[in-house]
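Taking the hints into account, I'd like the entire structure generated from these sequences.
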Amino acid sequence: MHLKMQKINKFFGPVQVLFDVDFEVTPNEFHALIGENGAGKSTLVKILTGIEQKTSGDVFINDEPVQFKTVLDAERLGISIVNQELNLFPEMTVLENLFICKEMTRGVFIDQDAQIKRAQDVLAQLDIHVDLHAPVKRYSVGVQQLIEIAKALLEDAQLIILDEPTSALTTKEITQLFNVLKKLKNAGKSIVYISHRLPEIFELCESISILRDGKLVKRSPLDRMDFNGIIQNMVGYDLGHLFPEKPVIAPGKTLLEARNLTRQNEFEDISFSLKAGEIIGFAGLIGAGRTELMNALFGVTQFEHGELWIDEQKVTIKSVAQAKRLGLGYVTENRKEEGLFLDESITNNVLYNNLKALSKWGLVDGDKTSELVSRSTEEVQVKSHSNAQIINQLSGGNQQKVVLAKWLATQPKILILDEPTRGIDVKSKKQIYDLIFQLKKQYFGVILVSSELIELLGVTDRIYVLREGRLMKELENTQIKDEDIMVHMMGGNTYARG
Amino acid sequence: MQEVKPPRFIDTAFDFAKQNIPLIGLIMLIIVMGILSPAFLSRFNILSVMRQASINGLIAFGMTIVIISGGIDLSVGSSLALSGMVAGLLMQSGLPSSLAILGALASGALVGTLIGVLIAKGKLPPFIATLGGMISLRGLTLMLSGGVPVSRFGDTGLIAWMGRGYVWFIPAPVVILFLAFAVFTVILKKTVFGKHVYAIGGNEKGALLSGINVEKNKIFIYMISGLMSALAAVILTSRVNSAVPTAGEMYELYAIAAVVIGGASLSGGRGKASGTIIGAFIIAIINNGLNLLGVSAYIQLFVTGLIIIIAVIADRKK
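Respectively, the protein sequence lines represent chains A and B.
Mapping the first sequence onto our numbering, position 13 (from 1) lands on 1294, and the numbers just tick up by one.
Mapping the second sequence onto our numbering, position 120 (from 1) lands on 105, and the numbers just tick up by one.
Treat the hints with care, as some may be off.
[What the hints assert, rightly or not] Derived pair list, reagent style DMTMM-like, types lysine to aspartate or glutamate, alpha-carbon separation capped at 25 Å:
hint: 1; chain 1: A; residue 1: Lys1350; chain 2: B; residue 2: Glu200
hint: 2; chain 1: B; residue 1: Lys190; chain 2: A; residue 2: Glu1384
hint: 3; chain 1: A; residue 1: Lys1418; chain 2: A; residue 2: Asp1394
hint: 4; chain 1: A; residue 1: Lys1595; chain 2: A; residue 2: Asp1507
hint: 5; chain 1: A; residue 1: Lys1617; chain 2: B; residue 2: Glu189
hint: 6; chain 1: B; residue 1: Lys190; chain 2: A; residue 2: Asp1344
hint: 7; chain 1: B; residue 1: Lys201; chain 2: A; residue 2: Asp1354
hint: 8; chain 1: A; residue 1: Lys1466; chain 2: A; residue 2: Glu1619
hint: 9; chain 1: B; residue 1: Lys201; chain 2: A; residue 2: Asp1402
hint: 10; chain 1: A; residue 1: Lys1418; chain 2: B; residue 2: Asp0
hint: 11; chain 1: A; residue 1: Lys1418; chain 2: B; residue 2: Glu189
hint: 12; chain 1: B; residue 1: Lys190; chain 2: A; residue 2: Glu1619
hint: 13; chain 1: A; residue 1: Lys1383; chain 2: B; residue 2: Glu200
hint: 14; chain 1: B; residue 1: Lys175; chain 2: A; residue 2: Asp1402
hint: 15; chain 1: B; residue 1: Lys108; chain 2: A; residue 2: Asp1402
hint: 16; chain 1: B; residue 1: Lys201; chain 2: A; residue 2: Asp1392
[Stated by the list, open to error] Only some residues are given here: those of chain B computed to face chain A with a beta carbon under 10 Å:
hint: 17; residue: Ser130
hint: 18; residue: Gly132
hint: 19; residue: Leu194
[Said to hold, decoys possible] Covered stretches of chain B (in silico footprint by chain A; criterion: 3 or more residues with CB under 8 Å from a CB of chain A, positions within the stretch not fixed):
hint: 20; segment: 115 to 127
hint: 21; segment: 168 to 181
Honestly, the hints are just simulated from the structure, not real lab data.
All values reported here derive from a predicted model rather than from experimental measurement.
All C-beta atoms in this analysis are idealised placements derived from N, C-alpha and C, irrespective of residue type, glycine included.
Written out as structure tokens, the structure reads:
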């Protein structure tokens, strides 16, 4: 299949997320699509698979203009996607999953024998061995992914999009996946391969498109690109404007020291330290174990080996309540799901996090509450009519400030911020950076987890890079180049070509 | 890759047991009751238990589809009362019983369809839509009947047979129950519609992205549930030879209990017709057995509740 997308624009309301994007996949080409989070990859893919509609632009398949309205339209044209979140039905059998909505029937009944025969054909072709009658949930994510690929072939897909297919796979499963993909190559299929892992891209693909901020910045055959070239195109930005001047202060005493923290299947042998007045950053891709590590620090889960010292005391944190008592605060990754009560007022959101301090004999002290709430919301400059305003009516940036306020109200010594600026506008971002620097001046210890390199570089004193649950590198943030971090996140430059 | 090992007998047996906890529970219950009360295993009593299970069982088949799809239907008890009253009033007005039965079935299907539309198109949570249905349909039934039962439809015609007739020595409701069992087994196992019900309950977003018409299927699902309550209504009306406006109270809960005891998951995607009929039998046997043993009705209720909780815990363990 020859796919050509021309001058694709996409608006969500007033916000433009794709700008005149051209995207082309030639027949039997394995094409990589990369970009940082929010660069527009997933929007482009959603347009291509009929989940979203483009605002303007043209799509051609084999030089014929085509229209997508639904997922079924895309499938009919021969385009299938294997998603990061798999679209399988865990309780149903492999066979049922393969044929869902494409059932082969005889009269009103499903023709099971015919389905089995068809399925066996395709599975044998890909050399996948599964029990057709076993529920899908019995198989690992890797096998489930192969089942999705088989499903795409049953629909006679000519172009298959793989969205971060290896992010949850073991090394062995990756090998197996690649074997299957090589069979697809021989069968004349085209592939769009979305991945953060550059070595894989060099192994599989012939060409690459790089998106940045909703624009196509580069399309090139891969043999003319190298590792650093790709990363430069991906992150190419100006560090200057977004960040205030970093305050220079001498760090105080050590607030937290982690030695060899390990939790099975999540992170391994992690050591780091945090002094008062320091901001340390954790870099890594999704699934690198950053959030898992933070959860263990905050008592949501427990680490199994290693030692944690807080204020020069060895501690075992068994619960969130204990972590709070020890002076930790945790601004979680998903403010809407974990961070806030969306239908409640600002006051209540701050109150619920400080019930112990604000109540006596089980009764809430109203005066004390409004005083603390006012003080903490002013500190972070929440913009609202009053503290009685419902969280849902606030902008994303202001919601995030409320999360910060409710934690500052607990008077922590150490604040963990997990993706604190995700999905908020630039102005609020700036205010949050200002606030982080203020905390630094007040000798808080701040741990910043972020997927945005620019943020880590602009804010932190020291960056720890995690990959697959292990600490790959500790970098003093003085003379780091962005590419350095990217290289460590993506698996070293052993695959780079010159 | 998964290697296929030759199964050992003990593994196979253990596997079977794990997959069929409700069936094993039923067999154990029969053995225990048989030992405690000799009358329990008499032919008369067995048929009587099955007849008791039939009304709940029929409603529960509809409920099974609803629950597999990830929904819930609290309106079935009230819908039963309404359909029974429709049948009663039609017969009172002089219509032949077969037409009255058709009217009742039509009213059940219509009510189910309306509730399905509220859920599928109106995007109401099934709990709310059917709770509203449950209360307002009860009110509607009381309005239609003036709060008074309609009774004495005679001993002839289809209406008399449905609840009180026999096929050879088997009570008609039991025959209807097993016919419905066969139909629902085939629907869930062999038809495209059945597969889509599982898919919607297992992963609604996935179902949508696979191209399944989720809205249409949901409407159909609740229509079937309404239809099954209407069928149960006809049998109940015939059994007691009257249409009672307060009939069917708490039936929704017993139907849900039968489905859940049968191994279905309230979060959707899992359930079987065979599990549901076993669930209905278990509930009927507990009531019947405790009756035979002379245990008070209050304790029966208490025990039934406990069994539901135990069944769900046992099922989760696997």
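Now the hints, each set against the structure:
no., hint, result
1, Lys1350/A to Glu200/B, "holds (18 Å)"
2, Lys190/B to Glu1384/A, "holds (19 Å)"
3, Lys1418/A to Asp1394/A, "holds (23 Å)"
4, Lys1595/A to Asp1507/A, "violated (47 Å)"
5, Lys1617/A to Glu189/B, "holds (22 Å)"
6, Lys190/B to Asp1344/A, "violated (32 Å)"
7, Lys201/B to Asp1354/A, "holds (19 Å)"
8, Lys1466/A to Glu1619/A, "violated (43 Å)"
9, Lys201/B to Asp1402/A, "violated (33 Å)"
10, Lys1418/A to Asp0/B, "holds (16 Å)"
11, Lys1418/A to Glu189/B, "holds (16 Å)"
12, Lys190/B to Glu1619/A, "holds (22 Å)"
13, Lys1383/A to Glu200/B, "holds (18 Å)"
14, Lys175/B to Asp1402/A, "holds (22 Å)"
15, Lys108/B to Asp1402/A, "violated (41 Å)"
16, Lys201/B to Asp1392/A, "holds (23 Å)"
17, Ser130, "violated (39 Å)"
18, Gly132, "violated (41 Å)"
19, Leu194, "holds (5 Å)"
20, 115 to 127, "violated (count 0)"
21, 168 to 181, "holds (count 6)"
This entry does not satisfy hints 4, 6, 8, 9, 15, 17, 18 and 20, going by the numbered hints stated previously.
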